[in-house]
Amino acid sequence: MKNKKTSPWKSIRLGFIILLIFVIYAYGFDVTAVTLEELKSETRQESLTRVTRALAKPEIIEYEQTVEVVNAPVYVSCPQGGVTLPEPDTSGPYIVVSPACAEAGEPVTVQGFNFAPNTEGPLRFIPGNDPANIVELGRDNVRTDGDGNFVAEFTLPKGRASDDVQYIRATLSANVGTPRFTQTAKDTWNKIIETVFLALLATTVGTILAIPISFIAARNLMKSVRSPLTSIAFSTLGWPVGMALGIYIVGLVGDFSGPLTGNLLLNIVIVGVLPVAIPVAIRWSLPQEEISTPGPALRTGRMAVILLTVLVSFFGLYQLSGLFRNGGLVLENILGAWGFLGSFLFQLGDILGVLIPVTAALAAGGALSSFLGRIGQRAAEKLPAATVKLLNLIFSALAGATVLGLIGWLVEWLYQIGRPEFTLWGPVTVGAALGLLLAVFSKAKDSLPIGLVIYTVTRTILNTLRSVEALVMAIVFVIAVGIGPFAGVMALGLHTIVSLAKLYSEQVESIQAGPLEAVQATGANRLQTIIYAVVPQIVPPYISYTMYRWDINVRMSTIIGFVGGGGIGFLLQQNINLLNYRAASAQMIAIAVVVSIMDYVSSALREKVV
Amino acid sequence: MLQVKNLTKIYDGGVKALDNVSFEVPKGQFLAVIGLSGSGKSTLLRCINRLIDPTEGQILWDGEDVTAASPEEMRRIRRKIGMVFQHFNLVHRSKVITNVLAGRLGYINPAWSFLNRFPKADVEKAIKQLQRVGIAEKANQRADELSGGQQQRVGIARALMQDPHMILADEPVASLDPVLAHSIMKHLEEINKSDGVTVLCSLHFLDLVHRYADRVIALNQGQLVYEGLPKDIDDKKFKDIYGRDAERVG
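Note that the protein sequences, when read in sequence, are chains A and B. Residue numbers in the first sequence follow this note's numbering, run continuously in steps of one, and reach 610 at the last position. Residue numbers in the second sequence follow this note's numbering, run continuously in steps of one, and reach 250 at the last position.
Only chain B is shown next, with the shape it has when bound in the complex (with noise of 0.2 Å):
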């Protein structure tokens, strides 16, 4: 269980990227989160695992304060949360199962990655979760040699890697054609209907939240806006999400 307590970001600049938001994740839950660009999707998803430190407020997780936590404590919740970026984050030149073992680094310890070697549990595991996200056999090339929809599956595969209880999705097929954006999409179902991981995962079109959410969010410059079931997001819902100018495609 995930609970967001009156979370407030206020960048250096004066920015207010979120305002106050509170709501609560149930376990297991595939929650969407939706809005225009810059309302705060980002750094909302970015708080719940303290790559951005919040300005107040507080996140709550499974009864632990993540706001409060020290470096060392972060660590341990860190690798509990797997994350899928919308420009992948791979490491270019290094190899897709290299990127996909920098998974394990939160369970790790330090002194051992001089070293750059992995117990070979961890690559056998490597390789299952490549089979898992369909790759298997591109796992010694270099990552900037895989298409986009490849290399975000790299990138399911590295957060599958943390044995996550939940995954933190900021925009996962926004650089993808809706093809592969839908095969993305079943990957993080799959993951959340089988293993019964959380999903928090921003989305840009409805079609998508339709499909694969079991409940919304959204967020309008930093304040949330609407809360509830996919379905129920009617035309005025709509227009309070993204301005009364938008019109519905897709």
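The following block holds chain A by itself, in its conformation from the complex (with noise of 0.2 Å):
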């Protein structure tokens, strides 16, 4: 074995790591401007224990009061031939001031009796000589004693010398009664009830869109996915076409069933049948199992009967959305107090409203898609070499300047260049051309890894969304719709969305692969294999994710009022610059009490049901 030799340079080197280190902190203090100078000024410590003192006594709770106030006569700077002052009114409360004049600065005796025990108040001077002057001087409290009696040492004020009389006045106040709560607990809340249920909603959005985006952002899934490039430029090309298609047919569905809906009665009507028809006709064409493949007249009937079903849905879906809002409508006027429970009902249906068309895109684009798609892939399979690359030029060609077009069309809405050469026969002219060579440079009948691509893509999108803060989202929602708790559900659930969506992909990329093959070795197709072999593996990661994600948001929406997003966060940060500790210190109260409720409810959910 050598000898370890120790070589100056490592001594050096340590040397001189330390003191790069003690520069780095050198820095660090300066620039976050580190000084305990602030810390030991007198007015800082005095507005500290001020606000402290405010902080620990939340506005939460007050009670009826009684008040007793009673004047007593003085003279400050005692008068030629001294003074007498009348009897005080023994009957009710009273207060003696002995003497009853001394010099201004000069401290004089006040006693109290008769008032009601254990109160409590200030001891204060009234300049001038009208006892009902509401000025008053001085910081004393006194408190009396269990007979309603109390002694205490009264300093007269400077520079309040008069020869009139003047006045010594106790105001002492008891609570009374059972306490209630204030103003601001009300309003406190009411706010927390509105953060809880933004964080609520946001979360719900956010879980529901996260889900099928972590399953194409999980690259054991995608991995596998490969298609001949005749598919692939098949379904691209089918995207934007039954997008613009089904955006268009369900527009046309919508005006048909615009004028239907004013008729509440035909509306229940419609909304009651459709429920019944739908899922007869989705069980005549869509059979569960079928050992053998039927006939193409079969075949074409059923996918008419298909097509025409998911037709009168959206025709049922306009109707119902149509029953909610006037339902709604009718609801909120009657139920009075509960009127919340109808306005909640309209709101539904103006989503569903709003919602429809977006569906119909998506599903119409993806249909088409994915027909295409097939359609392609048996292209690929069926026709000899020589067409399928033929086929393949002109259609990833096609794709490719689509695809860029609507990139080059989306830059030209954001910064309105205005020059079609570089946002439009651009973008067509490159897309095409990348198209092409794709079609040149791969075998005809390949199958091409779009899987991943697809991975790539969205992982890419959802890391950089991701980095966005939900704060600074919601800046941009605020502008988009409004000051309120709106903009916030927003600005939360899309940032729930691309995070859960990464948290989500991660654990479907480490669940087990054994029952992936066994499920695939049965026939079963993607679709299938994810639901029957992926989802069962996943739930317990899920749910303790959304739980986490849950937490997440409801601090996050305690905070996101600060730029408008509703919220308690809008009004603590009221409070706070009103200079309102008392009050603000309720909203902080609120949130620590949610933040942990949340805490012990998702931890007990969890261990439930994981």
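Don't read these hints as lab results, they were simulated from the structure. Hints may be right or wrong, so weigh each one.
Claimed, not checked - Label-pair ranges, simulated between beta-carbon atoms: (1) E509/A <-> D62/B: 49 to 59 Å; (2) E24/B <-> R299/A: 32 to 42 Å; (3) I127/B <-> V539/A: 19 to 29 Å; (4) Y11/B <-> S370/A: 28 to 38 Å.
Think of the CB as a built atom: it goes at the ideal place given N, C-alpha and C, for glycine as much as any other residue.
Take the two lone chains and join them into the complex the hints point to.
This is how it looks when you write it as structure tokens:
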């Protein structure tokens, strides 16, 4: 074994590292302005004490108060010839000042009698000769004993000498009756409820949308997705065409449906009948199990019935949306205090109305894309290689041109460049060229790893969006939909989608491969494999991540109000700006309580479900 | 009749798992596949139902070219080939009955799987298959609550749900004790004899091969080194298959 030699370089390096660390921290102290001088300053300490004490007394509960106000005359600087004071009225509470006159700045003794026991309040000097003067000087507090009496030393204020009689006033008050919540407490309660539901909605929306995205962002599921170029080109073209077609057709359905929604009765009948009719049609056109492949006539018939059913379903959805809106309005008027249920129904109808075209576009795009993709697949399998090559050249170029053309259109819309050679012809030409190149250099019938491409693109988008904080997103949404909790829901929802999709997809990537293989071996297709082999495995981590996210969202929603996103943050910020620390304290406590309850509930739920 | 012609599989890393393997399996035969770990047994079985795509060669099953089948055709082929795995490959968090019903997925319209519902006839059939392997009372338990032997029976029931014409068993008893191994093998034998299902079963122990197999093929480093009757494996053949240093046990 070789002897270890201590190299001088090592020591020098170590010294250098220590020096470097010293410099780094020195710079850190400098930029973060760490200084204890401020802490030592008296004014700082005083305000700190004041604020801390205010924070310690959250404005939550208040009482009905009894107040006894009594004045006693006093002369500041004794007048010539002494003073004679009238006998105090001893039937009620009264105070006696002795001596009855003194120089400014000198102490006198104040005695109080016949007050209610255990009351408390300020003892103050009233300048001028008006006993009803609202101006009060002094900061002393007195408290009565069990018999309702008190004795206190009172220093007469300086610079208030006068020949006239002046007064000392005791204002003693006590809490009586049952405690009740302050207005601040009520506001806080309203806002904390808003906050919790803001988090709930954001988490719900986020979770629902993150689940499908997480599958296409999972490498192990996407790696095996390969298609021939013909199929890829066809299905790429299918998306935009299908979406446009879907929006157009569902628009026609909506126009047809619109006038019918006015009639509530007809509305109810349609909404009642369709859920019965549609499953029957689906059951016929999509038999659950089929041993032999049906003939072309039957297949065409089924296809037609499915298309018709989809159209009718969208008609039904429009009707449902109309019913919700009309019914919601009616209920809102009838239900009185419970009117929010009606307005909820109305909002649901409205949301449904907005979602229908989106759903139709996605459904039609997906359907046409997968249909064309299948045709492409078939073509690549059955046609001779030369024909496939030709198809590839044409459609790959078309698809490339379409995709880049759409991106160019987006750029044009965003930046208003106004030069079509950059935002239209340029991208289209480049896209077509890329498509052509791909078609030229790939073998006609080879399947390309399109799954990995989709995976990479999705991951990139997720990572980019995830790096934008929800608070920043909220600012954008406040501009889009106005100040209020809705903007907060949108911002938190979007952030939830992207971060959950990433977390979820990592869970999908870590599932056991065995069951996947086994389910595939039974002949299950991709969708079935996901539902029967992937989903059962990812339920526990999905639930626990959703809970975790819900937790984050509650905390985020408490501050999203700072930028106008609704929730309790708005109130908190307002009160801090108004220096109303007792109210702010109530809100901080509310946040702490809700977050800790959430924490408890989520861990309890997780234990139960997982 | 299953015909495997000049099958070669080279993995991405360049490992040659199968090297020009050819053999035939007549309908209804119980064929054992033996060889050391890593000799290509699992790859061979997975190439037959295309869980792994072979690099070269052809697989014909009842005249249909499995290697050239489109995804749609593959679905129809796979649903006739049951598969049983060494590690059972059940979905642990699902119920036993759901695991068994998964065997029907090749027949069920994918659109219906969103609803997670199976036809009534299939559910009854699943119960019947569980009775056949003797664990009907476990139907509503979670799969991971079962012991290894019971899990493998669920695996067999799942394969039976497919109404298979052929079962590929990838070392079905390698994770089980000898007693359980025999009971599982007996189930496979019974399916082979009474239903006429072709069985391709990779095995480690020669006594199991002697006891259950009609015929045996042996792989060594991806090459077919023996094909014939189990009883014809003498000491010399044994050393060809398992290497010169190997000794017979059991």
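Q: Tell me, in ascending order, the numbers of any earlier hints that this structure violates.
A: 1
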